[in-house]
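Trainee: The residues making up each chain are set out below.
There are 2 protein chains.
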Amino acid sequence: MTTDTTPAELEQALTDAADAAGPLAASEPAVRAGWIRAVADALDAAADELVPIAMRESALPEPRLRGEVGRSSGQLRMFADALEEGSLLEVIIDTADPQAKPVPRPDLRRLLVPLGPVLVFAASNFPFAFSVCGGDTASALAAGCPVIVKAHPGHPELSVRTAEVMIEALRVAGAPAGTLGLIQGYDVGVTALKDPRITAAGFTGSVPAGKALHEIAVTRPEPIPFYGELGSLNPVFVTQAAVDARGNDIATGYVGSFTLGVGQFCTKPGLLFLPAGHGLEDKLVEAAGGVAEAPMLNDRIAEGFSSGLDRLRKIDGIRVLSDGGATLLGTTVTELLARPEEILEECFGPVSIVVEYSSTDELQAAVEAFEGNLTATLQAEESADAELAGKLLPLLTARAGRVLWNGWPTGVAVSWAQHHGGPFPSSVGSIHTSVGVTAARRFQRPVAYQDTPDVVLPAVLRDGNPAGISRRVNGTVTTGEVSR
Amino acid sequence: MTTDTTPAELEQALTDAADAAGPLAASEPAVRAGWIRAVADALDAAADELVPIAMRESALPEPRLRGEVGRSSGQLRMFADALEEGSLLEVIIDTADPQAKPVPRPDLRRLLVPLGPVLVFAASNFPFAFSVCGGDTASALAAGCPVIVKAHPGHPELSVRTAEVMIEALRVAGAPAGTLGLIQGYDVGVTALKDPRITAAGFTGSVPAGKALHEIAVTRPEPIPFYGELGSLNPVFVTQAAVDARGNDIATGYVGSFTLGVGQFCTKPGLLFLPAGHGLEDKLVEAAGGVAEAPMLNDRIAEGFSSGLDRLRKIDGIRVLSDGGATLLGTTVTELLARPEEILEECFGPVSIVVEYSSTDELQAAVEAFEGNLTATLQAEESADAELAGKLLPLLTARAGRVLWNGWPTGVAVSWAQHHGGPFPSSVGSIHTSVGVTAARRFQRPVAYQDTPDVVLPAVLRDGNPAGISRRVNGTVTTGEVSR
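Protein chains in written order, with the working numbering: chain A, 58 to 541; chain B, 58 to 541.
The following block holds chain A by itself, in its conformation from the complex (with noise of 0.2 Å):
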């Protein structure tokens, strides 16, 4: 189960990714999105058989993976209604203008088209929602692209039956052979990753791991865009008066987000700022020693849990609040800020930092020190605080990809205007989403043809709108016909 692709296996994957991108890039719109609802259909009659195998492979609860099971289903039916709709195409239409200045204007349509086979890298932490179905897959498919999974060895046999459920519910809707493969090994990957090909990459993983790809990919003799995920602290700055008007609600909210799956989010709020006297740290501390102990996803995550909050813990100024199933330490800004870099890394597992501000100005320097991250969290009260956070809002906007109020970062809504990124080093490839309806763009280019006539041009972008998609024509979106 856990072997390595051989070269012929990985060869034979490649073929067959090639072989599939011409008809995929040629399949109506609203045919993929029926090809794309089959596997959300199919994920969703196998739950039974793979949430248990689940189960044994990550050590996570049933109710945890059987709602990743629904998000990620939940997220394929999202990516096929946007087909449909057909804002995921981006038509727009210019109409030819001879009075056009300075020189007359041809007709232009455009739309995007996918880059062809895409190798998506496996997370660990969510077997289903970041794994073989997870979203850089289902994002892939409804831009058109065949996808090679290189699959986490975290949980090798789910990876294994994930695919076989998916491949078999494409055949049976009349996808093309080699729209979705799998491949297992390191070193695959990477031969997989250099291979002429492959034309995208998305990656969820470490910071290391995803720094080494990204730069193999960018590398190549034909660079290729690679869209990494990778660490964020998530910090959550807490005003006085948050502390005054829900300071209990906001100790158990905090140590309940940071402790979500073992503490094995990207999203897991790393740091806690709260006021100097802020009165909390035995609600906090009683919280905390009320999570049980848990095994985490596998024995590398655990070893590196256990060696990071070694480190943590012999940090000059980090003090141990509490101990147990969940870690919580304490420090100061005035400690964070004189050694930011030692305590300013990302630590994978339940553990976190309170952090005490002495004024807002302290506050304000403590978000400075952070470079980006995928979530910012700012607990507020909305008549006290409207100028302070006028004033912080902008600096976290500046190092965050989503910024929340009076909310958890764990938990990410999967939606329309969802964005899940951040500035770099959160996420290789900010401008981008692994998350929402956008996330299909990265494996999209656009493509406009000038004055060609109705009749050779891609079917969405005819004069009569055959399928009523949504189209930008002459500046204004229409589902209407165009005349020339």
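Read the hints as simulated data drawn from the structure, not as lab findings. Think of the CB as a built atom: it goes at the ideal place given N, C-alpha and C, for glycine as much as any other residue. Don't take every hint at face value.
Stated by the list, open to error - Some chain A residues well away from chain B (every beta-carbon gap over 12 Å; in silico):
hint, residue
1, GLU68
2, GLN69
3, ASP164
4, VAL222
5, THR309
6, GLU360
7, GLU428
8, ALA433
9, GLU444
To be verified - Covered by chain A, per the in silico footprint, the following chain B stretches (three or more residues, Cβ under 8 Å):
hint, stretch
10, 151-165
11, 302-308
12, 377-383
13, 413-425
14, 438-446
15, 495-501
As the list claims (entries may be wrong) - Sample of chain B residues facing chain A (criterion: CB under 10 Å; computed from the structure):
hint, residue
16, GLU125
17, GLY173
18, SER263
19, VAL264
20, PRO265
21, LEU435
22, PRO515
23, VAL517
24, ARG519
25, ALA524
26, VAL534
Dock chain B against chain A, hints included.
Mentor: Leaving out everything else, chain B in the frame of chain A:
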């Protein structure tokens, strides 16, 4: 005038740009649109002063350069319009859905925010449209990014004066100091590209220079996006029916296109594929023979053209059809397929190759011999060639960013639907365009606000939609208000 920027001057330019980033990001889109319009007006007003400098430094004729000024100011106004209309900000709002499965959905509001200071490497061949006041600068300013332009050494005085005109217009209009800066010198540009304050770069120029700068940008400690427009062959494929219907027009149109601007367009058609026995050679030779010799942009380009031409002429199987102000070479698909790497290498200047094919299979094989191009053109007859065109267009689409029907690739209209870019090596970053409204997207990243009160949100995200811009609300594009 051609002195390199000193280290102290570069440091000042970078500091000024970094200082301008926050105020620019905070500027209301409509206000920013006003600044951009002020720049457009100033350029138009300064045309009488700038065009003579450009004529002297580039050897290009006055009408062409006046057209370029109009194109550049028009482009700036297009971005201003798209800012005010709002689509440039790509606002997406999904209101909260407490009933959503598997988990309730929060209120999410996404927009695109500026990346930060952008470095633009100007091109030589369009002293306005792809230089200091060109598309990279215009789109980055529209995105809300400060811009530092690395001037092209081919027109140093024009670069300085253009920047002065633009900087003064920005100052008078009230834009932050540091919104635009100019630096000179290749090494200075490389130093700037490595500076952590630079967050993205745009480039138009040669393949070797583009590849070298790309590698620097993406292997920095903090990698940044690098958008490079490199070389392109822009093949034109002519069917027998098109020859029969309008062979002479094709011959003269082709010569006009490949000699436009002394062949110094990145969209110059480098090859014309004609059916064997086309009977157009006399007409082609006559047209090419009528092209007067004209000076090239600068000595470096003239030398490059001369050696490139020598190289092409010496290739086995290439014959010279016409030689003079324009050089027309001839070969066959058989010869081309025997040595594609020799023949399919861009030669920047007034030279092009007529290639004869003996069957539609050979025509298709010729199409498939190409790598990525900015454009690919089919000259065909709608009535006779529907089937052939249906076969060739997908192959052209796979290899080009813009596909033309019965036109010539020189001339890139500035509009919503335009796409100027193509698969590698014609551009690095083929999913982006350097012309058209979506060019701004290269310098923007998404940020999503979760459950954030109206009063602290950016104005464009607020319920009341005070600026009345286009927004996607719960999946539908509207200019209306939102209720929570």
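Trainee: If a hint holds in the structure, say so; if it does not, say that too.
Mentor: Each hint, compared with the structure:
1. GLU68: holds (21 Å)
2. GLN69: Holds: least Cβ distance 22 Å, greater than 12 Å.
3. ASP164: violated (9 Å)
4. VAL222: holds (19 Å)
5. THR309: holds (18 Å)
6. GLU360: Holds, because the least Cβ-Cβ distance between GLU360 of chain A and chain B comes to about 27 Å, which exceeds 12 Å.
7. GLU428: With a cut-off of 12 Å, GLU428 of chain A comes too close to chain B, as the shortest Cβ separation is near 8 Å.
8. ALA433: violated (10 Å)
9. GLU444: At roughly 10 Å from the nearest Cβ of chain B, GLU444 of chain A sits no farther out than 12 Å, so the non-interface label is violated.
10. 151-165: holds (count 8)
11. 302-308: As far as the stretch 302-308 of chain B goes, the hint is violated, because 0 residues have Cβ atoms under 8 Å from chain A.
12. 377-383: It is violated, with 0 qualifying residues against the three required.
13. 413-425: violated (count 0)
14. 438-446: holds (count 3)
15. 495-501: holds (count 4)
16. GLU125: Given a least distance of 8 Å, the restraint on GLU125 of chain B holds.
17. GLY173: holds (8 Å)
18. SER263: Violated, because the Cβ-Cβ distance from SER263 of chain B to chain A comes to roughly 16 Å (cut-off 10 Å).
19. VAL264: violated (12 Å)
20. PRO265: violated (13 Å)
21. LEU435: holds (8 Å)
22. PRO515: holds (8 Å)
23. VAL517: This interface hint is violated because 13 Å lies over the 10 Å limit.
24. ARG519: With a closest approach of 13 Å, the ARG519 of chain B hint is violated.
25. ALA524: violated (17 Å)
26. VAL534: holds (4 Å)
Hints 3, 7, 8, 9, 11, 12, 13, 18, 19, 20, 23, 24 and 25 from the earlier list are contradicted by this structure; the remaining hints agree with it.
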